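Chemist: Chain residues, written in single-letter form:
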Amino acid sequence: MINGAEAVVRGLIHQGVRVIYGYPGAANMAIYEALRRSREIEHVLTRSEQGAAHAASGYARVSGEPGVCLTTSGPGATNLVTGLATAYMDSVPLVAITGQVATEMVGTDSFQEVDITGITKPVTKHNYLVNRVEDIPRILAEAFHIAGTGRPGPVLIDIPKDIAAQNCAAKIPEVVDLPGYKPNYKGHPAQIRTACKLLNEAERPLIYAGGGIIHSGAVAELLKIAELLEAPVAVTLMGKGAFPEDHPLFLGMLGVHGAPAANKALLASDVILCIGARLDDRVTGRTDKFATQAKMIHIDIDPAEISKNIRVQVPIVGDAAGVMRDMLLRLQPAKRKDWLAMVAGWLPLQEQAYAAKADELNAQTVLTKLNSFTKGQAIITTDVGQHQMWAAQFCKVNRPQAFISSGGLGTMGYGLPAALGAQMAAPNDLVICVTGDGSLQMSMNEFATIKALGLPIKVLLFNNGVLGMVRQHQAVFFKEKYFSVDLVGNPDFKKIAEAYDMAYYLIAKIDQVDLVLQEALANGRATLVDCAIPKEQMVYPMVRPGSSLDDVIIAMKK
Amino acid sequence: MRHVLSVLVENRAGVLARVAGMFSRRGYNIESLAVGTTDKKDISRMTIVVEGDDRVVEQVIKQLHKLIEVLKVSNITNEEYVGRELVLFKVMADPTQRAEIMQIVDIFRAHIVDLNKKTLMVEATGDDKKLRAIEEALSPFGIIEVVRTGKIAMVRGQKSHLE
Ligand SMILES: Cc1ncc(C[n+]2csc(CCOP(=O)(O)OP(=O)(O)O)c2C)c(N)n1
Numbered sequence: 001m002i003n004g005a006e007a008v009v010r011g012l013i014h015q016g017v018r019v020i021y022g023y024p025g026a027a028n029m030a031i032y033e034a035l036r037r038s039r040e041i042e043h044v045l046t047r048s049e050q051g052a053a054h055a056a057s058g059y060a061r062v063s064g065e066p067g068v069c070l071t072t073s074g075p076g077a078t079n080l081v082t083g084l085a086t087a088y089m090d091s092v093p094l095v096a097i098t099g100q101v102a103t104e105m106v107g108t109d110s111f112q113e114v115d116i117t118g119i120t121k122p123v124t125k126h127n128y129l130v131n132r133v134e135d136i137p138r139i140l141a142e143a144f145h146i147a148g149t150g151r152p153g154p155v156l157i158d159i160p161k162d163i164a165a166q167n168c169a170a171k172i173p174e175v176v177d178l179p180g181y182k183p184n185y186k187g188h189p190a191q192i193r194t195a196c197k198l199l200n201e202a203e204r205p206l207i208y209a210g211g212g213i214i215h216s217g218a219v220a221e222l223l224k225i226a227e228l229l230e231a232p233v234a235v236t237l238m239g240k241g242a243f244p245e246d247h248p249l250f251l252g253m254l255g256v257h258g259a260p261a262a263n264k265a266l267l268a269s270d271v272i273l274c275i276g277a278r279l280d281d282r283v284t285g286r287t288d289k290f291a292t293q294a295k296m297i298h299i300d301i302d303p304a305e306i307s308k309n310i311r312v313q314v315p316i317v318g319d320a321a322g323v324m325r326d327m328l329l330r331l332q333p334a335k336r337k338d339w340l341a342m343v344a345g346w347l348p349l350q351e352q353a354y355a356a357k358a359d360e361l362n363a364q365t366v367l368t369k370l371n372s373f374t375k376g377q378a379i380i381t382t383d384v385g386q387h388q389m390w391a392a393q394f395c396k397v398n399r400p401q402a403f404i405s406s407g408g409l410g411t412m413g414y415g416l417p418a419a420l421g422a423q424m425a426a427p428n429d430l431v432i433c434v435t436g437d438g439s440l441q442m443s444m445n446e447f448a449t450i451k452a453l454g455l456p457i458k459v460l461l462f463n464n465g466v467l468g469m470v471r472q473h474q475a476v477f478f479k480e481k482y483f484s485v486d487l488v489g490n491p492d493f494k495k496i497a498e499a500y501d502m503a504y505y506l507i508a509k510i511d512q513v514d515l516v517l518q519e520a521l522a523n524g525r526a527t528l529v530d531c532a533i534p535k536e537q538m539v540y541p542m543v544r545p546g547s548s549l550d551d552v553i554i555a556m557k558k
Numbered sequence: 001m002r003h004v005l006s007v008l009v010e011n012r013a014g015v016l017a018r019v020a021g022m023f024s025r026r027g028y029n030i031e032s033l034a035v036g037t038t039d040k041k042d043i044s045r046m047t048i049v050v051e052g053d054d055r056v057v058e059q060v061i062k063q064l065h066k067l068i069e070v071l072k073v074s075n076i077t078n079e080e081y082v083g084r085e086l087v088l089f090k091v092m093a094d095p096t097q098r099a100e101i102m103q104i105v106d107i108f109r110a111h112i113v114d115l116n117k118k119t120l121m122v123e124a125t126g127d128d129k130k131l132r133a134i135e136e137a138l139s140p141f142g143i144i145e146v147v148r149t150g151k152i153a154m155v156r157g158q159k160s161h162l163e
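First to last, the sequence lines map onto chains A and B.
Numbering follows the numbering used here, with no gaps: position 161 of the first sequence is 161.
Numbering follows the numbering used here, with no gaps: position 52 of the second sequence is 52.
Note that these hints are calculated values from the structure, not bench results.
Hints should not be assumed to be uniformly reliable.
Taking lysine-lysine and the DSBU-like style, the derived pairs with C-alpha atoms no more than 30 Å apart in a straight line are [unchecked claim]:
no.: 1; chain 1: A; residue 1: Lys369; chain 2: A; residue 2: Lys396
no.: 2; chain 1: B; residue 1: Lys118; chain 2: A; residue 2: Lys186
no.: 3; chain 1: B; residue 1: Lys41; chain 2: B; residue 2: Lys159
no.: 4; chain 1: B; residue 1: Lys40; chain 2: A; residue 2: Lys121
no.: 5; chain 1: B; residue 1: Lys72; chain 2: B; residue 2: Lys41
no.: 6; chain 1: A; residue 1: Lys182; chain 2: B; residue 2: Lys90
no.: 7; chain 1: B; residue 1: Lys159; chain 2: A; residue 2: Lys121
no.: 8; chain 1: B; residue 1: Lys41; chain 2: A; residue 2: Lys186
no.: 9; chain 1: A; residue 1: Lys197; chain 2: A; residue 2: Lys121
no.: 10; chain 1: B; residue 1: Lys117; chain 2: A; residue 2: Lys121
No experiment lies behind these values; they were computed from the predicted model shown.
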């Protein structure tokens, strides 16, 4: 007879789980013992539970399989919350298992007890508090099913420690039956016909591509539709990698720091095909001024995303890949010389928007050089801030699952643990974490995990000594009144790198970029590249928050 | 506008919290919510009255659908349905006023279910209109407490919503 903890491990093995990110404690010891004995699953001891959740997320986003993390009750569980919320906002499939105090102690405010199912209801797709050991095999199977199907998302299972220790006779169910959960994959044929008619008759069609295309595996379909229709493609932050960025139809990223060509095309287009995106406020700007000329087709697997923020004319609920294949049967090839010429005229605006002095070290130069070495094939993870937007603007991503960034929640501290998970999911790929000195210090503890695993991750640090994005907002919206943005007390990152056996390079001048990057990328080790950039550098262009997308700030006076 | 939603959910611990939490987190206002088991013991029905324009209600319904334990959501606002609520009123009434109150109670087919020297308790069942009318009729005497069940509703005709 096996116990509940062993049933958990069996269930995980049954799901094909190869790696778990976790942290032990009093309430999950039985599960650790079961993991130790099974030896079939690699357990990675991160340096915090938040790191475990982000690492699982990086793993999931690169492998396409649910990531798994495991923590103890109380503080272990609460440390997961940011990771779950980050995954929830970006529709990343995770299964999080938390230990809980013994059933009889639940509700008594006992040592290390928190109501983690209560706390995480708004940031999980679903969660469970297990109250019978017999339910474990079923709940585990359901959790993976819910996390990985439909619109993916995190699922949490809270297991009281007495239940993990009880005998469990129940078998893993062959099928999961959830009467209240039946995602709709196939698009409605009439809606698809209407959408195709609109697109076939369009003069200035635009494709607005989100992360759903990557989740759905619809990258090939997107390329076909874009080329067939000669429709230019703009992506969201989450959609980076859905369309090859060296393609002539690629316009860049949409939104507040998006490419002018992408934003202008959105406003000028007559039919917008939006796929797997939420029409988030960071993209739409003022909703009443958003693409007022256009008819909009919106494909999404989550019906609740359709007409939530923007009313659309043609909603299509379904899986992007299948819907797009159905559409390809009805779409007609078109030539659009005028529209493409108009759009092409806007492309150079991106370069012009960037205002760094020619001889000053800047992110654009570093990232453009990086591209030329990686050819858009590296996996880039990012933290949050100016460096994230620079990475989004200047890192050309030519394949899916290769740009891993916290889009919806904007979680500083995501990049490094996500890189760890990404590198484990793709051991042969070059993984580069683009970060800032503020963000890196939120999860720098994970350098130890990276060292323990011997992962050759490259960390590209844009070290400006400030919380650059906040400083930028103070510059633009608070009349350059700076407060609490100087990262006084920053460590010597060279010593940090040494402490974790990492290679370290400093780029202080623009003429060092080439040589350092070449060496850093080729050295085969964990590496920290410290780019000393001036704190005055800004992310341009910038749409005023809450304004229409054409209310753009290009550059400030020096 | 007020909408009446009839929602079938799995009868499990935590479902009510999930539904109520979704409403509060997304800023939707629940006017009333009544929950009870159905003829199937593992399924409960919630009758939710929510205030909002069509767009809000459309979102509410979609968000309800996303909850794994929600089995079915029907917006019955524009259907032929019977809607009822039970209300208890505690009314100030000295012995000289009792007769007058009893007359009102009779007119509305309500009942007096408790009485003492200073107060009466009135039990009334009905739709919104009737309950508003009886409340108005009783208020001159001084209503000192009101307890309501929240509305429950059933669509007329042969069809069962459990199907
Ligand atoms: C956990 C968390 N706290 C606060 C913020 C708000 N915030 C957004 S960007 C930013 C500054 C980031 O600084 P840094 O990592 O140094 O990057 P830079 O902008 O300088 O490139 C802050 C504080 C956030 N996004 N996440």
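Chemist: Could you check the structure against the hints above and give me the numbers of any it violates, in ascending order?
Modeler: 2, 6, 7, 8, 9 and 10
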